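Q: Chain residues, written in single-letter form:
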Amino acid sequence: MTSRRPSISPSFNVVATYHSLLKHDRDLTMPIAAIESLILGLAQNSSTTVSETLDLVSKLTCELKSGVANPISLSAGTDLFQQYLLSNLQRARGDFETAREHLVQNSRLFVERAKAARETIAGVGRPFIRDGHTILTNGGSRVVGTLLKRAAESNDGRGSVRFRVIYVVSQSGEAEEKETIASLRGSGIEVAEIPPTAIAYCMDMVTSCFVGAEGVVENGGVVNRLGTYQMATLAKAAGKPFYVLSESHKFVRLYPLGQYDLGIEQKIVDFRTAKVEEKDGQKDEGVADLESGKVGKGCLPGDQVDYTPPKLISGIITEGGVLLPSAVSEELIKIWF
Amino acid sequence: MPSVMLAPTPGIATFLKHLKHNPVDASIENFVSLLKRRQIRSSRPCAIATTHLLLKVVATFRDRDVAKLVERIRSVGQQLIAAQPREMAVGNIVRRVLGLVREIAEDDADENPDSTSMGDSGYLPYSNLEPSGLPTHFSNFSPPKHGSALPQKSGLSQSDSNGGDDNSGQGAVAVEKQLDRRPPLLTSHTSYVASAMAPQVTSLFGLLSHPHTPSPTATPPLGTQSPVMKPGLTSRVLATIPDASAAKVDIKAEVLEGIRELLDELDQADDQIAAYALDHIHSNEIILTHTSSTTVQRFLLAAARKRKFTVIHAEAYPNDYLETHATIMQGRQKSAVGDDEDERWSPLTALGITVIMIPDSAVFAIMSRVNKVILSPHTVLANGGLVAAAGALTIAQAASVHKTPVIAVSGVYKLSPVYPFDTEELIEYGDAGRVAEFQDGEMVESIEVVNPLFDYVSADLVDLYITNLGGHAPSYLYRIVADHYRAEDVNL
Numbered sequence: 009m010t011s012r013r014p015s016i017s018p019s020f021n022v023v024a025t026y027h028s029l030l031k032h033d034r035d036l037t038m039p040i041a042a043i044e045s046l047i048l049g050l051a052q053n054s055s056t057t058v059s060e061t062l063d064l065v066s067k068l069t070c071e072l073k074s075g076v077a078n079p080i081s082l083s084a085g086t087d088l089f090q091q092y093l094l095s096n097l098q099r100a101r102g103d104f105e106t107a108r109e110h111l112v113q114n115s116r117l118f119v120e121r122a123k124a125a126r127e128t129i130a131g132v133g134r135p136f137i138r139d140g141h142t143i144l145t146n147g148g149s150r151v152v153g154t155l156l157k158r159a160a161e162s163n164d165g166r167g168s169v170r171f172r173v174i175y176v177v178s179q180s181g182e183a184e185e186k187e188t189i190a191s192l193r194g195s196g197i198e199v200a201e202i203p204p205t206a207i208a209y210c211m212d213m214v215t216s217c218f219v220g221a222e223g224v225v226e227n228g229g230v231v232n233r234l235g236t237y238q239m240a241t242l243a244k245a246a247g248k249p250f251y252v253l254s255e256s257h258k259f260v261r262l263y264p265l266g267q268y269d270l271g272i273e274q275k276i277v278d279f280r281t282a283k284v285e286e287k288d289g290q291k292d293e294g295v296a297d298l299e300s301g302k303v304g305k306g307c308l309p310g311d312q313v314d315y316t317p318p319k320l321i322s323g324i325i326t327e328g329g330v331l332l333p334s335a336v337s338e339e340l341i342k343i344w345f
Numbered sequence: 303m304p305s306v307m308l309a310p311t312p313g314i315a316t317f318l319k320h321l322k323h324n325p326v327d328a329s330i331e332n333f334v335s336l337l338k339r340r341q342i343r344s345s346r347p348c349a350i351a352t353t354h355l356l357l358k359v360v361a362t363f364r365d366r367d368v369a370k371l372v373e374r375i376r377s378v379g380q381q382l383i384a385a386q387p388r389e390m391a392v393g394n395i396v397r398r399v400l401g402l403v404r405e406i407a408e409d410d411a412d413e414n415p416d417s418t419s420m421g422d423s424g425y426l427p428y429s430n431l432e433p434s435g436l437p438t439h440f441s442n443f444s445p446p447k448h449g450s451a452l453p454q455k456s457g458l459s460q461s462d463s464n465g466g467d468d469n470s471g472q473g474a475v476a477v478e479k480q481l482d483r484r485p486p487l488l489t490s491h492t493s494y495v496a497s498a499m500a501p502q503v504t505s506l507f508g509l510l511s512h513p514h515t516p517s518p519t520a521t522p523p524l525g526t527q528s529p530v531m532k533p534g535l536t537s538r539v540l541a542t543i544p545d546a547s548a549a550k551v552d553i554k555a556e557v558l559e560g561i562r563e564l565l566d567e568l569d570q571a572d573d574q575i576a577a578y579a580l581d582h583i584h585s586n587e588i589i590l591t592h593t594s595s596t597t598v599q600r601f602l603l604a605a606a607r608k609r610k611f612t613v614i615h616a617e618a619y620p621n622d623y624l625e626t627h628a629t630i631m632q633g634r635q636k637s638a639v640g641d642d643e644d645e646r647w648s649p650l651t652a653l654g655i656t657v658i659m660i661p662d663s664a665v666f667a668i669m670s671r672v673n674k675v676i677l678s679p680h681t682v683l684a685n686g687g688l689v690a691a692a693g694a695l696t697i698a699q700a701a702s703v704h705k706t707p708v709i710a711v712s713g714v715y716k717l718s719p720v721y722p723f724d725t726e727e728l729i730e731y732g733d734a735g736r737v738a739e740f741q742d743g744e745m746v747e748s749i750e751v752v753n754p755l756f757d758y759v760s761a762d763l764v765d766l767y768i769t770n771l772g773g774h775a776p777s778y779l780y781r782i783v784a785d786h787y788r789a790e791d792v793n794l
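Going down the list, the sequences are from chains W and X. Each number in the working numbering corresponds to the 1-based position in the first sequence with 8 added. Each number in the working numbering corresponds to the 1-based position in the second sequence with 302 added.
If you are wondering where the hints come from, they were derived from the structure by calculation, not from laboratory data. For clarity, every value in this text was computed on a predicted model and none was experimentally measured. Among the clues, some could well be false.
[As the list claims (entries may be wrong)] Over the 12 Å line for every Cβ pair with chain W, so calculated as not near, a few chain X residues: (1) Ala315; (2) Ala328; (3) Arg374; (4) Leu580; (5) Gln632; (6) Arg646; (7) Ser648; (8) Thr656; (9) Asn685; (10) Glu739; (11) Leu766.
[Said to hold, decoys possible] Cross-link-like lysine-lysine pairs, in silico, DSS-like; alpha carbons within 30 Å at most: (12) X/Lys705 x W/Lys244; (13) X/Lys554 x X/Lys674; (14) X/Lys674 x W/Lys248; (15) W/Lys248 x W/Lys319; (16) X/Lys705 x X/Lys610; (17) W/Lys248 x X/Lys358; (18) W/Lys244 x W/Lys275; (19) W/Lys73 x W/Lys248; (20) X/Lys358 x X/Lys319; (21) X/Lys370 x W/Lys244; (22) X/Lys322 x X/Lys370; (23) W/Lys319 x X/Lys705; (24) X/Lys674 x W/Lys319.
The beta carbon of each residue, even a glycine, is placed where N, CA and C say it ideally should be.
Start from the sequences and build out the full structure, keeping to the hints where you can.
A: Here's what the structure looks like:
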């Protein structure tokens, strides 16, 4: 693995770094963790020329993408990073070294900016929530949690808003969801927890739906945890607006034509018969990879994703404002041109 | 016209007269009271009145400082918008003028050698970039900053889009591009298009970019900047412009020129829209429309010169039916009241077009025979939806059941960059006495009667917008918003 690439110091394992970053900082999103891992990789390996750096970055990126089961979200970060480097280097007036130094030294800054984006989004999305509204949300999104918490607070001059929340709680019941629910309840907001099977049942009393995103794809659709597509379809059928909250660094250059076209393998639908067959360890593997050390994030039911097409989405709330799904591709084109 | 004994009905004509003879502040007061009393209503008169007013405001502005001019226009704008928030055309014009001023100021800043120096605190690069340059690039492509809490209250508001966003290796490139692209203002009032299209680094890179200088204030872009940024930005730039008073006078003259172009645009909007009529109306078609809108009538008249078709006209009872009857029967005559335009146009029937007038309740019944629906909105919103006269939603929904195309015709001045967070707020309510007469004591006592004047039609019910710039899909409107308005002006 790493021994094939002489320019990388043998001790640097980008996949392990990525996973450990995610584990240690719960507030980090996958694209940012990817960018940080790449930066750490850059820091560890001195490269003095432009092409060496670009080469290094692309090698690290490949390694990262092949080592993680669902690389969609992190590829948003790696693509952004690569394109940024390319465009920076094209324009640099001989100052490659400073650019590199800046990147290496300021990785903390990028993380802070990314986290700050969450607050900005909460500010942008706040007017959507008004008195008497009932909000339906899928769990697991930190941005949505921030939005709801800010709306519940009464210290920003607009007064608090009296609204209710219906939280769709998955079986895996992540700690983050419980924490958000607890804090909302603590602020006096009524929160109901429902299983995913009750979404259609409760849809009539819902005013609007908010979900987060793991990745926003080129046509304005969203890749998010399994169950989002279901919620979006039901919301559309009931005529309720469905909003996606996402930082702009999650825009990924992918154009899926359907659920099964995401470029990742998820064994969500696994046919079997009563006949006993031995399939060799094929349960929920990610992209085919023979590395034994791989944890295989795709295994866990909590990490499965689905794709929500843009026609079901009423608006994408980013730190730059509310975007129509049709506006996403323009943003992506600008960094790729 | 009115003799000495009869005072003219207050309206746009009286306002324009008043504007000619009175100082600016008095005119502002006059306009505000006209707006509040709804003596001036509907988008076009309001837009025209606002433009004239701003023309005078700029003309009488004595100071040399462009930043102060921006402030002055903003404060006037805030007064006007507060007077009647539902007349979005007023806000649109104010924002257009502000965008115009900013663009001229930036173009001017470019020409001066000082302004290309970027040794500064990193603010300069913002201004040197194209108008929809880095700091606000991202938000320009959104139905952006709505009229709410965001940028002022949350200290982190524009941080990510703005902060440290000047991939300043760009500075020189950006300046050059800007000089190349500086559109001669005279060619088109939609000249913002060119500058907005800059494929420069976007705020997606804002996450990673760094300011040119290592100054600690510039590096962390969080929090500190946004409220200060907007006015500070221009003034800092302009502080570097040599105080040749010739430069400043130029700016004012250019702004005035730009505002006059805006007036021209308002005048010609209907004509430009009507130019597209032949593309959309074909022989023997049955077109459904409602209300007495001038834009629609001119659109149909342009097609009627060459084609024969039928128009089914819903009368829009109770708010507009008398005008609708008059429009159908007589077209527009030179009205005694002295309307904003003195032009006359003949009714469609005079050109041999069959016009069938139907009550609003018959819309659904007749919809299966209709080929196209043409609506004229009061306001077009940034998400592609529109606010139109009451009855439009019924028509649009009936059309969607029958899969009939719905076309909305409006000038770009009706397109508002403010994102409609609550569509209920956009609906104005009128005189309930038109629905159920107050003389009907029993009715009035036991029933609550409301008379909404407008309907909100969502974007998925509209198929095409025909503006003076051509036809667009509702999903494309965000681009037009970005081309005409600056994100920093959305919150006035």
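Q: If a hint holds in the structure, say so; if it does not, say that too.
A: Structure-based check of all given hints:
The beta carbon of X/Ala315 sits about 38 Å from the closest Cβ of chain W, which is more than 12 Å, so the claim that it is off the interface holds. No Cβ of chain W approaches the Cβ of X/Ala328 within 12 Å, the least distance being about 34 Å, so the stated non-interface status holds. At roughly 26 Å from the closest C-beta of chain W, the C-beta of X/Arg374 stays outside 12 Å, upholding its exclusion from the interface. With 12 Å as the threshold on Cβ separation, the claim that X/Leu580 sits away from chain W holds: the shortest Cβ distance comes to roughly 28 Å.
At roughly 42 Å from the closest C-beta of chain W, the C-beta of X/Gln632 stays outside 12 Å, upholding its exclusion from the interface. Here X/Arg646 stays apart from chain W, with its beta-carbon at least about 41 Å from theirs, past the 12 Å limit. For X/Ser648, the shortest C-beta to C-beta distance to chain W comes to about 40 Å, beyond the 12 Å cut-off, and the non-interface label holds. Here X/Thr656 stays apart from chain W, with its beta-carbon at least about 37 Å from theirs, past the 12 Å limit.
Distance check for X/Asn685 against chain W: the nearest CB is about 6 Å away, which does not clear 12 Å, and the non-interface claim fails. The claim that X/Glu739 lies off the interface holds: its Cβ sits roughly 33 Å from the closest Cβ of chain W, which is beyond the 12 Å cut-off. With a least CB separation of 15 Å from chain W, X/Leu766 remains clear of the 12 Å interface cut-off, as annotated. Using a Cα cut-off of 30 Å, the hinted pair X/Lys705 and W/Lys244 holds, with the two alpha carbons roughly 19 Å apart.
Among the hinted pairs, X/Lys554 with X/Lys674 is inconsistent with the structure: their alpha-carbon atoms are about 46 Å apart, more than 30 Å. Proposed proximity of X/Lys674 and W/Lys248 is supported: the alpha carbons are some 28 Å apart, at most 30 Å. With a C-alpha separation of about 13 Å, the suggested pair W/Lys248 and W/Lys319 falls inside the 30 Å cut-off, and the hint holds. Restraint check: the Cα-Cα separation between X/Lys705 and X/Lys610 comes to about 23 Å, which is no more than 30 Å; the hinted pair holds.
Among the hinted pairs, W/Lys248 with X/Lys358 is inconsistent with the structure: their alpha-carbon atoms are about 46 Å apart, more than 30 Å. The suggested pairing of W/Lys244 with W/Lys275 holds, with an alpha-carbon distance near 27 Å, which does not exceed 30 Å. Of the pairs offered as hints, the one joining W/Lys73 and W/Lys248 is violated, with about 36 Å between alpha carbons and a cut-off of 30 Å exceeded. For the hint pairing X/Lys358 with X/Lys319, the CA-to-CA distance comes to about 13 Å; that is within 30 Å, so the pair holds.
Of the supplied pair hints, the one linking X/Lys370 and W/Lys244 is violated, its CA atoms being roughly 48 Å apart against a limit of 30 Å. Under the criterion of a C-alpha separation no larger than 30 Å, the hint pairing X/Lys322 with X/Lys370 is consistent with the structure, at around 24 Å. For the proposed pair W/Lys319 and X/Lys705, the alpha carbon gap of about 18 Å is at most 30 Å, so the pair holds. Distance check on the hinted pair: X/Lys674 and W/Lys319 sit about 24 Å apart at the alpha-carbon level, within 30 Å; holds.
Of the numbered hints given earlier, the model fails hints 9, 13, 17, 19, 21; all others are met.
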